[in-house]
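S.K.: Listed below, chain by chain, are the residues.
There are 2 protein chains.
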Amino acid sequence: MTPLINDCFIRALLRQPVERTPVWMMRQAGRYLPEYRRVREQAGSFMNLCTTPELACEVTLQPLARFPLDAAILFSDILTIPDAMGLGLEFAEGEGPRFRNPIRNASDVRRLRVLDPESDLRYVMDTVRLVRDRLGGRAPLIGFSGSPWTLATYMVEGGSSREFRKIKGLMYQEPQLLHALLSTLAEAVALYLSAKIAAGVDAIMVFDTWGGVLSPDQYERFSLAYAKRALDRIGRNAHGKRIPAILFTKGGGQWLEAMAESGYDALGLDWTTDIGKARELVGHKVALQGNLDPQALYAPRDALRTEVAQILARYGRGTGHVFNLGHGVAPDVDPEQVRTMIEAVHEFSPAFHGAG
Amino acid sequence: MTPLINDCFIRALLRQPVERTPVWMMRQAGRYLPEYRRVREQAGSFMNLCTTPELACEVTLQPLARFPLDAAILFSDILTIPDAMGLGLEFAEGEGPRFRNPIRNASDVRRLRVLDPESDLRYVMDTVRLVRDRLGGRAPLIGFSGSPWTLATYMVEGGSSREFRKIKGLMYQEPQLLHALLSTLAEAVALYLSAKIAAGVDAIMVFDTWGGVLSPDQYERFSLAYAKRALDRIGRNAHGKRIPAILFTKGGGQWLEAMAESGYDALGLDWTTDIGKARELVGHKVALQGNLDPQALYAPRDALRTEVAQILARYGRGTGHVFNLGHGVAPDVDPEQVRTMIEAVHEFSPAFHGAG
Numbered sequence: 018m019t020p021l022i023n024d025c026f027i028r029a030l031l032r033q034p035v036e037r038t039p040v041w042m043m044r045q046a047g048r049y050l051p052e053y054r055r056v057r058e059q060a061g062s063f064m065n066l067c068t069t070p071e072l073a074c075e076v077t078l079q080p081l082a083r084f085p086l087d088a089a090i091l092f093s094d095i096l097t098i099p100d101a102m103g104l105g106l107e108f109a110e111g112e113g114p115r116f117r118n119p120i121r122n123a124s125d126v127r128r129l130r131v132l133d134p135e136s137d138l139r140y141v142m143d144t145v146r147l148v149r150d151r152l153g154g155r156a157p158l159i160g161f162s163g164s165p166w167t168l169a170t171y172m173v174e175g176g177s178s179r180e181f182r183k184i185k186g187l188m189y190q191e192p193q194l195l196h197a198l199l200s201t202l203a204e205a206v207a208l209y210l211s212a213k214i215a216a217g218v219d220a221i222m223v224f225d226t227w228g229g230v231l232s233p234d235q236y237e238r239f240s241l242a243y244a245k246r247a248l249d250r251i252g253r254n255a256h257g258k259r260i261p262a263i264l265f266t267k268g269g270g271q272w273l274e275a276m277a278e279s280g281y282d283a284l285g286l287d288w289t290t291d292i293g294k295a296r297e298l299v300g301h302k303v304a305l306q307g308n309l310d311p312q313a314l315y316a317p318r319d320a321l322r323t324e325v326a327q328i329l330a331r332y333g334r335g336t337g338h339v340f341n342l343g344h345g346v347a348p349d350v351d352p353e354q355v356r357t358m359i360e361a362v363h364e365f366s367p368a369f370h371g372a373g
Numbered sequence: 018m019t020p021l022i023n024d025c026f027i028r029a030l031l032r033q034p035v036e037r038t039p040v041w042m043m044r045q046a047g048r049y050l051p052e053y054r055r056v057r058e059q060a061g062s063f064m065n066l067c068t069t070p071e072l073a074c075e076v077t078l079q080p081l082a083r084f085p086l087d088a089a090i091l092f093s094d095i096l097t098i099p100d101a102m103g104l105g106l107e108f109a110e111g112e113g114p115r116f117r118n119p120i121r122n123a124s125d126v127r128r129l130r131v132l133d134p135e136s137d138l139r140y141v142m143d144t145v146r147l148v149r150d151r152l153g154g155r156a157p158l159i160g161f162s163g164s165p166w167t168l169a170t171y172m173v174e175g176g177s178s179r180e181f182r183k184i185k186g187l188m189y190q191e192p193q194l195l196h197a198l199l200s201t202l203a204e205a206v207a208l209y210l211s212a213k214i215a216a217g218v219d220a221i222m223v224f225d226t227w228g229g230v231l232s233p234d235q236y237e238r239f240s241l242a243y244a245k246r247a248l249d250r251i252g253r254n255a256h257g258k259r260i261p262a263i264l265f266t267k268g269g270g271q272w273l274e275a276m277a278e279s280g281y282d283a284l285g286l287d288w289t290t291d292i293g294k295a296r297e298l299v300g301h302k303v304a305l306q307g308n309l310d311p312q313a314l315y316a317p318r319d320a321l322r323t324e325v326a327q328i329l330a331r332y333g334r335g336t337g338h339v340f341n342l343g344h345g346v347a348p349d350v351d352p353e354q355v356r357t358m359i360e361a362v363h364e365f366s367p368a369f370h371g372a373g
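If you read the protein sequences in the order shown, they are chains A and B. Read left to right, the first sequence gives residues 18 to 373 (the working numbering). Read left to right, the second sequence gives residues 18 to 373 (the working numbering).
These are computed hints drawn from the structure, not numbers from a lab. Each hint should be verified, as a subset may be incorrect.
Which copy? The list can't say, so a pair holds if one copy fits it or any two copies do.
Simulated pairs of lysine to aspartate or glutamate, DMTMM-like, Cα-Cα distance not exceeding 20 Å [claimed, not checked]:
id	residue 1	residue 2
1	K183	D349
2	K258	D125
3	K258	D234
4	K183	D234
5	K294	D234
6	K294	D100
7	K183	D351
8	K294	E274
9	K183	D133
10	K294	E36
11	K183	E324
12	K294	D143
13	K294	E204
14	K294	E278
15	K302	E278
16	K183	E297
17	K258	D94
18	K302	E324
19	K302	D249
20	K258	E274
21	K302	E58
Pulled out of the complex, with its shape left as it was, chain A reads as follows (with noise of 0.2 Å):
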């Protein structure tokens, strides 16, 4: 493998020093770049763009080409690993994902394919080997997956969901039977990120979209648990180096705490929690990744860099902190605003670190 030449993003998830803070963006890759909207277009869909490995590496690519960003994530989506195992996923225009063959009971569970992530989503490690050639070291690759809950709240509802009121019934009135799928999910993501891993990936990121709907007890017994069990399967020193994990749980601020005892490296913030308190309460554990609210990136350049300086110093001095947002970027967003963002971070951070 191609030693990093910039290792800073994985230096300050493993809570070692660094020079600055780094900086990434989540959803970095996607449609607020003119150029990821012709590669999009090129495509014709977007399932298409995910399964194609020299497109899905071109746009994975696209920000760092523009931007002096710390990391690149992989292009791909989260409900890949349910589409392997059988429920025939669709993307209607306009519409957000659906499920042709939806969990609806005990033997919709049994039926699920054992994932075999080399053949089943060749694809995507394909995708990987790719990127990290062209890469040649110049930034860590991020590979992610959807948590099991996460994964879960998709499959059980058939799609998108705001309510979650099929989920939700299966966990009051069949516990076992969620307990099972979610068994199920956390082996196949342990899969999944072992040979994103193999495949030559820098860090592992689990995204648990939706871990913020469920009580604090819920929360541990049927996300955090899951999240925990997967990562437990996963070896993680690889290629001689040690590959860092993170966790976001959107909505998850109330359980930090829980998290931080899950054995992941770092984990992610959204923008309602306050960086400084999540810190002096856990930032002795983990790592701490966010957490600017991406619709500061709507400001007019000097809010923007205000709260930028905002964020780090509530993070405060030392490592330990990766700047990203709270979210996903927005697709009208103008990049010339994550531009300041970024140099925003590149500018205010050094005073953080080092002598300094």
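Put chain B on the given structure of chain A with help from the hints.
M.R.: For chain B alone, coordinates are given in the frame of chain A:
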């Protein structure tokens, strides 16, 4: 005024001793009740139901006729205030609320009518008087309002929103204009709730449904500050009694300490907060209302009873707890499940009070 026969809800809010934990339910007058659906059909439209005191009174009292609830809540809608201020509220069937004249600029804010509740919202005040007469002191009556911030989100977005791009854009680009709008709304909320107190409600509640989409700093400046300002302008000793006030910020579990300093007597909690931890944090200053997961009403009877017992046990011994859901009851819930919940509160809660 008729003295209250059952005032345990009021005593719990004021943290005075009670014999058992009082219980009511957000949206208890609503679509899950067949008798509500009949009156709603008779009314022809949702707005007609809100604006006809005889019908609004009838649906307010329906849940109390069916269940032994400890409070009535006036049937109304939070968007009556902006409607009365000139925004032109419309409910398109199955689409949620829309305003014909949303707030776009400074002249829209200046054009807002100063609210005169007894004339502009006479139908609300008439409903309060009618309900008070018919209740005859059997239970206290709650009058509510949206928080200034929550009202502003609808007024700027023009209706419901998932992303809040317009109001967040306004916040970052023209914060002074948003502050002007919020000042006007704080005044309107104060006038509205003061008029309800004069008409005879026994407690007031402010619904800050969308406070949880803000960052901690934004929450304090744009939501809490104006909820507090409204409260400060309301005389809360009426008819020889103290009128308690409840503040409910959905998604506000991370900001309870700030909320507890705002002058409200009680805080509403959604189901993502551990009510035991919340009590440790703020229970010496305020009462707490909540916080069963509304979807626990889909659970089998025994599981539902266990969930109720767990909430009571987490809060623990002593007064200061009003049992409620963490959000409104869903339209497809079986009313018998609501009965099970209430009976479980009656059965389990006395052990947490008195000498027991």
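S.K.: Could you tell me which of the numbered hints above are not met by this structure, giving the numbers in increasing order?
M.R.: 2, 3, 6, 9, 10, 12, 13, 16, 17, 18, 20, 21
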